[in-house]
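In the order they appear, the protein sequences are chains A and B.
Residue 304 in the numbering used here sits at position 304 of the first sequence, with consecutive numbering throughout.
Residue 1235 in the numbering used here sits at position 235 of the second sequence, with consecutive numbering throughout.
FYI, nobody ran anything at the bench for these hints, they're computed from the structure.
Mixed in with the good hints there might be a few duds.
[Said to hold, decoys possible] Label pairs and their calculated CB-CB ranges:
| no. | chain 1 | residue 1 | chain 2 | residue 2 | range |
| --- | --- | --- | --- | --- | --- |
| 1 | A | Ser13 | B | Arg1089 | 31 to 37 Å |
| 2 | B | Ala1088 | A | Arg278 | 48 to 54 Å |
| 3 | B | Arg1182 | A | Pro191 | 51 to 57 Å |
| 4 | B | His1177 | A | Gly274 | 30 to 36 Å |
| 5 | B | Arg1182 | A | Ser49 | 26 to 32 Å |
| 6 | B | Gly1274 | A | Gly274 | 43 to 49 Å |
| 7 | A | Pro226 | B | Ala1003 | 50 to 56 Å |
[What the hints assert, rightly or not] One-sided and incomplete, this derived list gives chain A residues near chain B with beta-carbon spacing under 8 Å:
| no. | residue |
| --- | --- |
| 8 | Gln57 |
| 9 | His59 |
| 10 | Asp117 |
| 11 | Asp121 |
| 12 | Val175 |
| 13 | Ile179 |
| 14 | Leu200 |
| 15 | His210 |
| 16 | Met221 |
| 17 | Thr225 |
| 18 | Ile240 |
| 19 | Thr246 |
| 20 | Arg247 |
Cβ atoms here follow ideal geometry from the backbone N, Cα and C, with glycine treated the same way.
2 protein chains.
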Amino acid sequence: MNARLIALDWGTSNLRASLLGEGGRVLETRAAAGGVMAVPEQRFEAALSALAGDWIQAHRCPLVASGMIGSRQGWREAPYVECPAALARVAASLVRVELAGGPTLHIVPGLACIGPDGQDDVMRGEETQLWGAALAPGSCCVLPGTHAKWAWMGEGGTVRAFQTFMTGELYAVLVQHSILGRLMQQGHARPQAFEQGVELGLSEHANATHVIFAARTAGLMGRITPEGLPDFLSGLLIGIEIGSATRHAAPASVAVLGDEALSARYETALSLAGIGHRRVRSDATTRGQWLVAQAAGLVDADARGAT
Amino acid sequence: MNARLIALDWGTSNLRASLLGEGGRVLETRAAAGGVMAVPEQRFEAALSALAGDWIQAHRCPLVASGMIGSRQGWREAPYVECPAALARVAASLVRVELAGGPTLHIVPGLACIGPDGQDDVMRGEETQLWGAALAPGSCCVLPGTHAKWAWMGEGGTVRAFQTFMTGELYAVLVQHSILGRLMQQGHARPQAFEQGVELGLSEHANATHVIFAARTAGLMGRITPEGLPDFLSGLLIGIEIGSATRHAAPASVAVLGDEALSARYETALSLAGIGHRRVRSDATTRGQWLVAQAAGLVDADARGAT
């Protein structure tokens, strides 16, 4: 089967490459620790060649890259597209990088959004996943992670608005560098401690910088075991996130788009919040990259659709 | 003038010793990096001797210690006294440690409190400062710091309730270990960026784990300079704290008890929140230690009072 597109999911830590055939079908995938912050001296072309030089030589097909590679610290800056953002507008704003030997790399711009608080918010990479997820107008979608994103979709596949929550990074820095980590013992999952954390985070989301201290005091007082404290804090932070993101209007259902373990945590927490949820197809990233390439005319529209 | 009491403010990082005379007057002070976490192999008696062995020898007066020295990681655990907590009850619960050579060290227990969210909260050392601050019944007092405390006073000098906010530690770990520190440049104070952060934190306190991300995006978008970002984040976190602590009932005025620079920040932020404030006398710690010793009968009641 002929390769039609090399799709790159190029984030802060990792570079994932997928070779896509007709209709966006995934032919082969590869990954390396070649993320934007991991490539020495910003030698991005060398990192790309090392991972997928043979594909580029053999197939001479276009390349599309989404993620932090389009940031100021990346290969070439792709200015943010403002929300509400339609796929067609993003596809018309791809930033071209000519590679040695002929083919062109097309960098997908991220999105910017001014929230109800008047602050800017930004995403890079998640917009492509959102398009790949084929969400209905009016949908709400959460993408758990280091910087979790909540996105609200508008008509015609536009991303209407989104908000970032520092949940994953907060968890990491609090466990590794704050007093909350001191009493913790890492080990097996403690689902009950997680659920206690979620309930507390949901009800006390408006008091976040106080209530996280419960991950110390509950340990001091013996209410949560040292083995339960990591999950208690995880639940607390996810509960705070869900309570905050849905405080003005709780959606009937939230689409969850992320890796298996983290998505399962969010689904448990959403259930405790009385909010429905459904999992988004796991190929949302490559599907989104294919749709961007299609909208930009880099690959033929395919009436049969993907899969 | 005769020494009557050796008062130790023995925290996590530092050990501060004050020699007190009649009426609690401060005769001399000393400090060392001999905090609970800084003393090798919990050799607390050696650390005390190194700093104040000559005082102990020369004056043979009682010693009172407040702070983390009474924690499980300290010299001897002094179990928490539950709120509402009166000075007399705490004075009756001092934990005695007999020192080599005769004199006795009396460790002041910390306080515990179950909040409206059903979670335990704890303090060690601040309770002694609160008593030294001579706050009126119904007062609200904030003690800024690594773990900022808000305390509400009841009748007869009791500590009715309190809440911890992880403001100081959050600031430190976010600046040093999170993506928020990446764009920052430390330098001179930027009062305007601080005030912008406070306003945002006050209005968006219920969305804390989202709104702190503004300390990245405001930098990315050039709305706050790299030199302004540290103060912007400081303002954000203090605004979130004040917004959260006063969300159910804003006090007319808050007493501020802490070091000069941090207290000034809180006073600016309280003014922006429309809340009055007054500074607590700077000798609250030694004054509180003296009052505890007096209530425990370790020193004579002094009709003249201290200064």
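Results for each hint:
1. A:Ser13 with B:Arg1089: 31 to 37 Å: Roughly 54 Å apart at Cβ, these two residues miss the hinted range, so it is violated.
2. B:Ala1088 with A:Arg278: 48 to 54 Å: violated, 60 Å
3. B:Arg1182 with A:Pro191: 51 to 57 Å: Given range 51 to 57 Å: violated, Cβ gap about 35 Å.
4. B:His1177 with A:Gly274: 30 to 36 Å: holds, 35 Å
5. B:Arg1182 with A:Ser49: 26 to 32 Å: Since Arg1182 (chain B) and Ser49 (chain A) have Cβ atoms about 28 Å apart, the given range 26 to 32 Å holds.
6. B:Gly1274 with A:Gly274: 43 to 49 Å: The hinted range 43 to 49 Å is violated for Gly1274 (chain B) and Gly274 (chain A), with Cβ atoms some 35 Å apart.
7. A:Pro226 with B:Ala1003: 50 to 56 Å: For Ala1003 (chain B) against Pro226 (chain A), whose Cβ atoms are near 44 Å apart, the range 50 to 56 Å is violated.
8. Gln57: violated, 36 Å
9. His59: violated, 36 Å
10. Asp117: holds, 5 Å
11. Asp121: holds, 6 Å
12. Val175: Status violated, d = 10 Å.
13. Ile179: holds, 7 Å
14. Leu200: Given a least distance of 7 Å, the restraint on Leu200 (chain A) holds.
15. His210: holds, 5 Å
16. Met221: With Cβ-Cβ at 5 Å, under 8 Å, it holds.
17. Thr225: Violated: closest Cβ of chain B sits about 15 Å from Thr225 (chain A), beyond 8 Å.
18. Ile240: holds, 6 Å
19. Thr246: violated, 11 Å
20. Arg247: holds, 6 Å
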